[in-house]
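Based on these hints, arrange chain B with the ligands on the given structure of chain A.
Sequences listed follow chains A and B, in order.
Counting from 174, one number per residue, gives the positions in the first sequence under the working numbering.
Counting from 226, one number per residue, gives the positions in the second sequence under the working numbering.
None of these hints come from the bench; they were simulated from the model.
Be aware that one or more of the hints could be misleading.
Straight-line alpha carbon distances no greater than 20 Å define the calculated PhoX-like cross-link-like pairs of lysine-lysine that follow [said to hold, decoys possible]: (1) A/Lys288 to B/Lys354; (2) A/Lys343 to A/Lys288; (3) B/Lys575 to A/Lys343; (4) B/Lys573 to A/Lys343; (5) B/Lys375 to B/Lys318; (6) A/Lys263 to A/Lys204.
One side only, chain A facing chain B, incomplete, derived with CB under 7 Å [stated by the list, open to error]: (7) Pro269; (8) Arg274; (9) Gly289; (10) Met290; (11) Thr298; (12) Gly299; (13) Thr302; (14) Met304; (15) Ala312; (16) Trp314; (17) Ala318; (18) Val323; (19) Ala365.
Cβ atoms here follow ideal geometry from the backbone N, Cα and C, with glycine treated the same way.
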Amino acid sequence: MSSLTHKEEVPEGGYRTPDGRIIGGVLMDLKDITLRFGGVTAISNISFDIRQGEIRAIIGPNGAGKSSMLNVISGFYVPQEGEIWFRGRKRPPLKPYQVARQGVARTFQNIALFKGMTTLDNIMTGRVTRMKSNMLEQAIWWGRAEREEVENREVVERIIDFLEIQAIRKTPVGRLPYGLQKRVELGRALAAEPDLLLLDEPMAGMNVEEKEDMSRFILDVNDEFGTTIALIEHDMGVVMDLSDRVVVMDYGRKIGDGTPDEVRNDQAVIDAYLGVVHE
Amino acid sequence: MFYREAGDFKTSYVEDGQTFPIRLDRWGYYAIVFIAFAAIPFLINDYWANAVFVPFLIYSIAALGLNVLTGYAGQVSLGTGGFMAVGAFACYKLMTAFPEINIVFHIIVSGGITAAVGMLFGLPSLRIKGFYLAVATLAAQFFLVWLFNKVPWFYNYSASGQITAPERTVFGVAVTGPHTEAWAKYMVCLVFVFVLAWMVRNMTRGTLGRKWMAIRDMDIAAEIIGVSPLPAKLTAFGVSSFLVGIAGALFFAVYLGAAEVGEAFGPQKSFLVLFMIIIGGLGSVFGSFAGAAFMVLLPVLLKNLLVGGLGWPTDLATHFEIMLVGALIIVFLIAEPHGIAQLWRLAKEKLRLWPFPH
Ligand SMILES: Nc1ncnc2c1ncn2[C@@H]1O[C@H](COP(=O)(O)OP(=O)(O)O)[C@@H](O)[C@H]1O
Ligand SMILES: [Mg+2]
Numbered sequence: 174m175s176s177l178t179h180k181e182e183v184p185e186g187g188y189r190t191p192d193g194r195i196i197g198g199v200l201m202d203l204k205d206i207t208l209r210f211g212g213v214t215a216i217s218n219i220s221f222d223i224r225q226g227e228i229r230a231i232i233g234p235n236g237a238g239k240s241s242m243l244n245v246i247s248g249f250y251v252p253q254e255g256e257i258w259f260r261g262r263k264r265p266p267l268k269p270y271q272v273a274r275q276g277v278a279r280t281f282q283n284i285a286l287f288k289g290m291t292t293l294d295n296i297m298t299g300r301v302t303r304m305k306s307n308m309l310e311q312a313i314w315w316g317r318a319e320r321e322e323v324e325n326r327e328v329v330e331r332i333i334d335f336l337e338i339q340a341i342r343k344t345p346v347g348r349l350p351y352g353l354q355k356r357v358e359l360g361r362a363l364a365a366e367p368d369l370l371l372l373d374e375p376m377a378g379m380n381v382e383e384k385e386d387m388s389r390f391i392l393d394v395n396d397e398f399g400t401t402i403a404l405i406e407h408d409m410g411v412v413m414d415l416s417d418r419v420v421v422m423d424y425g426r427k428i429g430d431g432t433p434d435e436v437r438n439d440q441a442v443i444d445a446y447l448g449v450v451h452e
Numbered sequence: 226m227f228y229r230e231a232g233d234f235k236t237s238y239v240e241d242g243q244t245f246p247i248r249l250d251r252w253g254y255y256a257i258v259f260i261a262f263a264a265i266p267f268l269i270n271d272y273w274a275n276a277v278f279v280p281f282l283i284y285s286i287a288a289l290g291l292n293v294l295t296g297y298a299g300q301v302s303l304g305t306g307g308f309m310a311v312g313a314f315a316c317y318k319l320m321t322a323f324p325e326i327n328i329v330f331h332i333i334v335s336g337g338i339t340a341a342v343g344m345l346f347g348l349p350s351l352r353i354k355g356f357y358l359a360v361a362t363l364a365a366q367f368f369l370v371w372l373f374n375k376v377p378w379f380y381n382y383s384a385s386g387q388i389t390a391p392e393r394t395v396f397g398v399a400v401t402g403p404h405t406e407a408w409a410k411y412m413v414c415l416v417f418v419f420v421l422a423w424m425v426r427n428m429t430r431g432t433l434g435r436k437w438m439a440i441r442d443m444d445i446a447a448e449i450i451g452v453s454p455l456p457a458k459l460t461a462f463g464v465s466s467f468l469v470g471i472a473g474a475l476f477f478a479v480y481l482g483a484a485e486v487g488e489a490f491g492p493q494k495s496f497l498v499l500f501m502i503i504i505g506g507l508g509s510v511f512g513s514f515a516g517a518a519f520m521v522l523l524p525v526l527l528k529n530l531l532v533g534g535l536g537w538p539t540d541l542a543t544h545f546e547i548m549l550v551g552a553l554i555i556v557f558l559i560a561e562p563h564g565i566a567q568l569w570r571l572a573k574e575k576l577r578l579w580p581f582p583h
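With the rest of the complex left out, here is chain A (with noise of 0.2 Å):
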């Protein structure tokens, strides 16, 4: 293997992790944001940065502003304040389907499936933007409609061996359990084969082994496709496992950004999750 015989070099603002792999330069960095709802203020001054490759997970407790921070970098939310920078490139305010086609894909917290379609329906809806078919010839299903259907249908066939979930390709969503449910979602996204994937809570309400399973797969996203991750996760334990960086927030505001050991150790972190009371 290449990366024995002469040592791969990091790139400008990456870095190496324990494990040997290698994180790039800043992908997304997130400047100064502050975003209010009326009188609260979700988020409050936060400043954080992803890099090519990594894995960043986003902790802290309930209403501490993490969902929200999801949804300003997917294009739902403006904030009052701050400003994005995508791939070197300050970004304007732009609409979350822009965002998309940029190269960003997420699930939600509260599963967000289409529930009257197929698995297969759902995981293909995730390649829209690399479809380009025109109505006459989709009506007509001539030339570039059928022949983009199969391309792109091969692609999700692979999404589908890799997420394991061939069984229920024909199955329409609304009668799936809910891990598996979770398991499409993170498939239809993962078909926009995206270059930074949000994940808001993946494991939430899953079981120990449900959660194995989806542990594996992000490491395996991130692993052969290169994806580079940014995720939510209320289990400590999870964290720790998965992220290469950590960012924890709590009432709006960053209280901790490091490794996974740097932030456990943090004192204000600690106080935060034992539940230090606030004045």
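Quick look at chain B with the ligands alone, frame taken from chain A:
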């Protein structure tokens, strides 16, 4: 002969994506197409054409149209009657202004004009949803009927305010006007139904259909994976109104021959087509046909049975029909929102496992 998938393996994604993956279904479909094109035209008479087949075919197109918008894209519309009127009046104006051009083109262009009008009325759907959109489309319904009544240019200043279809031919055979034969009316409608249903099926099985359904099921999630809501909704309004416009044009030119807008295309028409897709099955091509067949056949059957057979007075039979339809709508909405199409699917699933249900 068993109804099975076994031994019918799919070896490619093209085959897997086809409309009738089970061989027996495919044969059934071919048989129906064959009978529709090669047998019925020779057997049909005026009674069957006017009471059953022509209205069934035309309502199938309207139901397909509404199903695209409501069943697939999730945008409720109570404006179907008004959009049928747009198709009818467009067709009338075109027929009378350009008598030398073939009526088939007029009908298609009428669909195009209705599509444009439908997209215009669909613009608010970006901001308003559900109940409010339904009310807005009902307002469109009333506005359009009012407009066609109010502006004499639309009915060529005729004294009665009615529009009357002049005789037009296709390949030398009259398809509109008082001398049209039953089989000719039937064939024109059948060809339109066949082509349009095939196109709708294609659109709904590909990426366009998935965009529509994604918007219907969870619009924020649709947007997050790259579906931009405006084009998705507007294409649904466009395709839907195109079909509804063609249905309106056929309804006026081929079926009625003469029409008064409030009577032919009033709000009751909007509800009739909505009932068709609820009973037939939301989000299903087959359901559109099933619903149209049901709502066209029901009054015919009840009339023959109750009035002809049991000697009920006609108005009692009519009221009974209204109650029956109302009850069915409630039952379907509560118990089986996917209508007859779903019942049919379930029956086939049972059949596939028969005689060993486990
Ligand atoms: N759409 C919204 N409107 C008003 N307040 C909101 C909205 N979304 C989130 N909030 C508020 O912002 C704060 C952070 O919420 P959230 O980001 O969901 O936290 P977390 O995901 O960390 O549990 C909470 O106080 C919540 O009530
Ligand atoms: Mg949250």
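Going through the hints against the structure:
{"no.": "1", "hint": "A/Lys288 to B/Lys354", "in the structure": "holds (19 Å)"}
{"no.": "2", "hint": "A/Lys343 to A/Lys288", "in the structure": "holds (13 Å)"}
{"no.": "3", "hint": "B/Lys575 to A/Lys343", "in the structure": "holds (17 Å)"}
{"no.": "4", "hint": "B/Lys573 to A/Lys343", "in the structure": "holds (16 Å)"}
{"no.": "5", "hint": "B/Lys375 to B/Lys318", "in the structure": "holds (16 Å)"}
{"no.": "6", "hint": "A/Lys263 to A/Lys204", "in the structure": "holds (10 Å)"}
{"no.": "7", "hint": "Pro269", "in the structure": "holds (4 Å)"}
{"no.": "8", "hint": "Arg274", "in the structure": "holds (6 Å)"}
{"no.": "9", "hint": "Gly289", "in the structure": "holds (5 Å)"}
{"no.": "10", "hint": "Met290", "in the structure": "holds (5 Å)"}
{"no.": "11", "hint": "Thr298", "in the structure": "holds (5 Å)"}
{"no.": "12", "hint": "Gly299", "in the structure": "holds (5 Å)"}
{"no.": "13", "hint": "Thr302", "in the structure": "holds (4 Å)"}
{"no.": "14", "hint": "Met304", "in the structure": "holds (4 Å)"}
{"no.": "15", "hint": "Ala312", "in the structure": "holds (4 Å)"}
{"no.": "16", "hint": "Trp314", "in the structure": "holds (4 Å)"}
{"no.": "17", "hint": "Ala318", "in the structure": "holds (6 Å)"}
{"no.": "18", "hint": "Val323", "in the structure": "holds (5 Å)"}
{"no.": "19", "hint": "Ala365", "in the structure": "holds (6 Å)"}
Consistency with the previously given hints is maintained throughout, with no hint failing.
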